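Trainee: All chains should be built: construct the whole structure from the sequences, respecting the hints.
Chains A and B are the protein sequences, given in the same order.
Yeah, the first sequence ends on 335 if you go by the numbering used here, and it's all consecutive.
Yeah, the second sequence ends on 637 if you go by the numbering used here, and it's all consecutive.
These are computed hints drawn from the structure, not numbers from a lab.
It is possible that some hints are incorrect.
When the alpha-carbon atoms are kept at most 20 Å apart in a straight line, the in silico SDA-like pairs for lysine to any residue are as follows [stated by the list, open to error]:
1. Lys250/A - Gln230/A
2. Lys254/A - Ser243/A
3. Lys408/B - Ala384/B
4. Lys582/B - Thr297/A
5. Lys582/B - Ser243/A
6. Lys250/A - Ile81/A
7. Lys254/A - Val234/A
8. Lys582/B - Gln293/A
9. Lys331/A - Ile5/A
On the chain A side, residues computed to face chain B include the following (Cβ under 7 Å) [claimed, not checked]:
10. Leu19
11. Gly78
12. Met79
13. Phe82
14. Pro115
15. Ala135
16. Gly139
17. Phe145
18. Met153
19. Phe155
20. Val276
21. Thr292
Reference listing, derived: stretches of chain B covered by chain A, where coverage requires no fewer than 3 residues with Cβ under 8 Å from a Cβ of chain A [what the hints assert, rightly or not]:
22. 432-446
23. 456-463
24. 512-519
25. 572-583
Remember, it's a predicted structure, so these values are computed and weren't measured experimentally.
Beta carbons: idealized from backbone N, C-alpha and C, even for Gly.
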Amino acid sequence: MLLYILRRLVLLVPVLLGLTLLLFIVARILPGDPVGLAAGPNATPELIEQMRRELGMGLPLPVQYWNYLTGLVSGDWGMSIFTRRPVFADIMEYLPATVELVFAALFIAVSIGIPLGLLTAVNRNGVLDYATRTAALGGIAMPRFFLGILLQMMFAAWLDILPLSGRFPLIESPPDHVTGLYTIDALIAGDWLAFRIALSHLALPAIAMALSPLATIMRMMRASTIEVLQQDYVMTERALGLSNRLILFKYVLKNAMTSTLTVIGLYVSWLLGGTVLVETVFDWPGLGLYATQAILTQDFMPVIGVTLVIAVIYLITMLAVDLLYGVFNPKVRHA
Amino acid sequence: MSRAEQTPPLVVPRRTQSARLENWSRAFYRFRQSWLSVIGLGIVVALIAAALLAPWIVPYPEHVVGGTNTAAKFQPPSASAWFGTNALGQDMFSLVLVGSRVSLFSGLAVVFIAVAVGTMVGAVAGYFGGWVDEVLMRLTDLLLTIPSLILAMAVAAALGTGVWNMIIAISITWWPAYARLVRGEVIVKKEEQFVVAAHALGASWMRILGRHILPNIVSPIVVKVSLDTGFAILTVASLGFVGIGVKPPTPEWGTLLSEARRYMPDYWWTAVAPGSAIFLAVLAFNLLGDGLRDVLDPRARR
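Mentor: So this is what it looks like as structure tokens:
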């Protein structure tokens with residue numbers, strides 16, 4: 001098992017190398033004048049030239065790539081032209097907010113989607129089944145950013161029960177930094193007030209992100225449960241007189257989880273990339289907002305950095321999904 | 336009279352339809368069975384018709400090209416302005432109607448380019464195998480690990496504003512999925528007898544791919560296209576929403592929604608109109624796609 005994980009991790013190295021090369025080439029062949037943009041309209045040609053040199057942009061491309069690569073390993077991910085700070089420091093600051101948001105959305109989607117999928121599969125063609133299936137069609141088609149705006153309108157403006165945007169009120173100090181996830185940190189500190197404040201800020205953006213994965217996970221779970229329920233062994237168990245509850249939770253659930261797991265894994269990447277939209281709507285200070293800002297100013301180092309981080313999280317998630325298959329299905333367990 | 340004379344001659348029913356036509360009518364019958372797909376088709380047809388006819392039916396053509404009427408700003412929906420007016424007094428219905436042109440066209444163009452490039456790459460990789468396959472597929476895999484929205488945004492921002500730049504940027508992130516699909520199908524089909532036969536007859540690889548293999552894998556591609564188009568439209572709107580892509584005054588759904596955000600919640604109609612348009616378009620294409628999948632790939636039906 002450990003060996004398998006190690007081998008998979010080693011295999012990630014060429015993928016990551018390829019990824020950095022690809023991103024680097026894309027960033028360099030694209031037109032655009034990031035330095036000119038950052039220097040402002042009143043900059044003299046000399047100033048721009050000096051900035052170029054400082055950023056190492058005058059060197060030959062292979063040398064630039066090599067410098068970038070060696071920098072990556074040592075934690076020097078380049079400078080952001082826009083924030084004038086090291087990209088690595090920026091990312092470390094914004095990453096926890098995004099991770100918290102994605103986890104929260106995934107938690108909502110999984111904890112509602114899977115039971116709902118099971119329930120509708122068992123009571124197939126019932127009222128709940130039709131209602132949720134129709135709602136799921138809408139949920140998948142709903143743009144995250146539009147849903148976010150509607151939620152803001154409803155809960156923040158009209159009902160006034162949740163904050164409009166942001167992650168924590170500026171006038172209050174967030175809980176002590178342990179994980180960087182405010183809700184978790186507040187729990188660790190035992191600060192219930194801070195937990196409630198953090199949760200109230202997290203609720204709307206998390207729901208806005210969760211709806212589409214929730215709908216897909218539910219549909220997937222329903223479909224695979226129906227398929228498993230028709231298997232011979234389920235009939236045997238029924239004939240043996242096992243209770244429905246036992247059959248469903250002990251035997252069917254595990255087998256139905258496999259294909260749903262794949263979907264959940266794919267959604268991690270979708271959610272991470274999609275933070276660009278939801279964080280813009282809710283002014284959530286995460287990687288998405290950071291990347292958007294960088295993209296709009298054609299500041300490529302942060303964009304490469306954020307993309308790399310998301311790609312690494314995605315690849316590790318895929319590995320985790322592969323390992324989780326083994327938990328639900330001993331046949332694919334890795335020696 | 337002998338018995339032989341009594342038996343009527345074997346009647347072969349005269350074909351009134353060609354076999355292909357019969358297949359189509361059967362497919363259409365199956366499609367009609369699901370009323371959701373029919374609704375989807377109806378909305379898609381209506382949206383495309385509205386987009387095509389927009390220049391002639393738009394109530395306030397001057398607003399679409401940047402004209403303003405600040406005296407009538409932030410009018411709630413009424414008989415004269417169905418979706419209300421925005422901060423510049425422009426009629427939201429006119430903007431959303433004309434905005435459908437950019438949004439729908441770009442969505443369809445993205446899928447079209449993705450299919451063209453993806454099919455080409457996937458077919459070559461699958462047919463030749465070996466190092467060609469290795470190189471092309473590794474590139475495809477790499478592109479699939481990059482968060483597509485961020486890549487598309489970055490490329491679009493670097494290329495500058497404009498409909499085509501946006502379309503190209505999104506297409507770059509969309510073709511790999513088609514390349515994967517087509518490669519898999521080609522690998523299966525190239526072992527079939529008719530391909531071996533064509534090969535024995537001395538057909539070139541271009542001919543084998545173009546005349547024998549690709550026509551046989553159209554169904555899965557069509558299914559993916561129909562399921563993808565809605566999300567392509569959504570991606571176009573997403574780029575517009577974060578401020579990349581088409582610049583005002585050219586109306587586009589995502590851009591309209593992002594402008595409306597500043598006037599929330601008091602002037603909610605400025606956001607609800609373009610947002611609902613995006614939702615409706617994505618929903619309609621998804622319903623249509625589900626229906627087509629059921630027809631062309633009955634095994635996937637659940």
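Trainee: All hints, please: hold or fail.
Mentor: Hints versus structure:
As the CA atoms of Lys250/A and Gln230/A are separated by approximately 16 Å, the hinted pair is consistent with the 20 Å bound. Simply put, Lys254/A and Ser243/A have alpha-carbon atoms about 17 Å apart, close enough for the 20 Å limit, and the pair holds. Proposed proximity of Lys408/B and Ala384/B is contradicted: the alpha carbons are some 29 Å apart, above 20 Å. Taken as a hint, the Lys582/B and Thr297/A pair is honoured in the structure, with Cα atoms around 16 Å apart against an allowance of 20 Å.
Taken as a hint, the Lys582/B and Ser243/A pair is broken in the structure, with Cα atoms around 62 Å apart against an allowance of 20 Å. Note on Lys250/A and Ile81/A: the hinted pairing is violated, with a Cα-Cα distance of about 55 Å set against a maximum of 20 Å. Taking the CA atoms of Lys254/A and Val234/A, the gap is about 13 Å. The hint holds against a cut of 20 Å. Proposed proximity of Lys582/B and Gln293/A is supported: the alpha carbons are some 17 Å apart, at most 20 Å.
Restraint check for Lys331/A and Ile5/A: the C-alpha separation of about 17 Å stays at or below 20 Å, so the hint holds. Proximity of Leu19/A to chain B holds as hinted, the smallest CB-CB distance being about 6 Å (cut-off 7 Å). Annotation: Gly78/A was flagged as interfacial toward chain B, and the flag is violated, the nearest CB pair being 15 Å apart, outside 7 Å. Hint status for Met79/A relative to chain B: violated, with the closest Cβ pair at about 17 Å, above 7 Å.
Restraint check, Phe82/A versus chain B: the minimum CB separation of about 13 Å is more than 7 Å; hint violated. With a least beta-carbon distance of about 19 Å to chain B, the hint placing Pro115/A at the interface is violated under the 7 Å criterion. Annotation: interface hint on Ala135/A violated; nearest CB of chain B at approximately 12 Å, more than 7 Å. Interface hint at Gly139/A: violated, since its Cβ lies 10 Å from the closest Cβ of chain B, which is beyond the 7 Å cut-off.
Using the Cβ-Cβ criterion of 7 Å, the hint placing Phe145/A at the interface with chain B is satisfied: the shortest such distance is roughly 5 Å. Because the smallest distance between the Cβ of Met153/A and any Cβ of chain B comes to about 4 Å, under 7 Å, the interface hint for this residue holds. Nearest Cβ of chain B to the Cβ of Phe155/A: about 11 Å, over the 7 Å cut. The hint is violated. For Val276/A, the interface hint holds, the least distance from its beta-carbon to any beta-carbon of chain B being 6 Å, beneath 7 Å.
Checking Thr292/A against chain B by beta carbon gives a least distance of about 5 Å; that is within 7 Å, so the hint holds. Counting residues of the region 432-446 of chain B whose C-beta lies closer than 8 Å to any C-beta of chain A gives 0; at least three are required, and the coverage claim is violated. A stretch counts as covered by a chain when three or more of its residues have a beta carbon under 8 Å from one of that chain; for the region 456-463 of chain B and chain A the count is 0, and the coverage is violated. Only when three residues or more bring their CB closer than 8 Å to a CB of chain A does the claim for the region 512-519 of chain B stand; here the count is 0, and the claim is violated.
With 6 residues having a beta carbon nearer than 8 Å to a beta carbon of chain A, the region 572-583 of chain B meets the requirement of three or more and the stated coverage holds.
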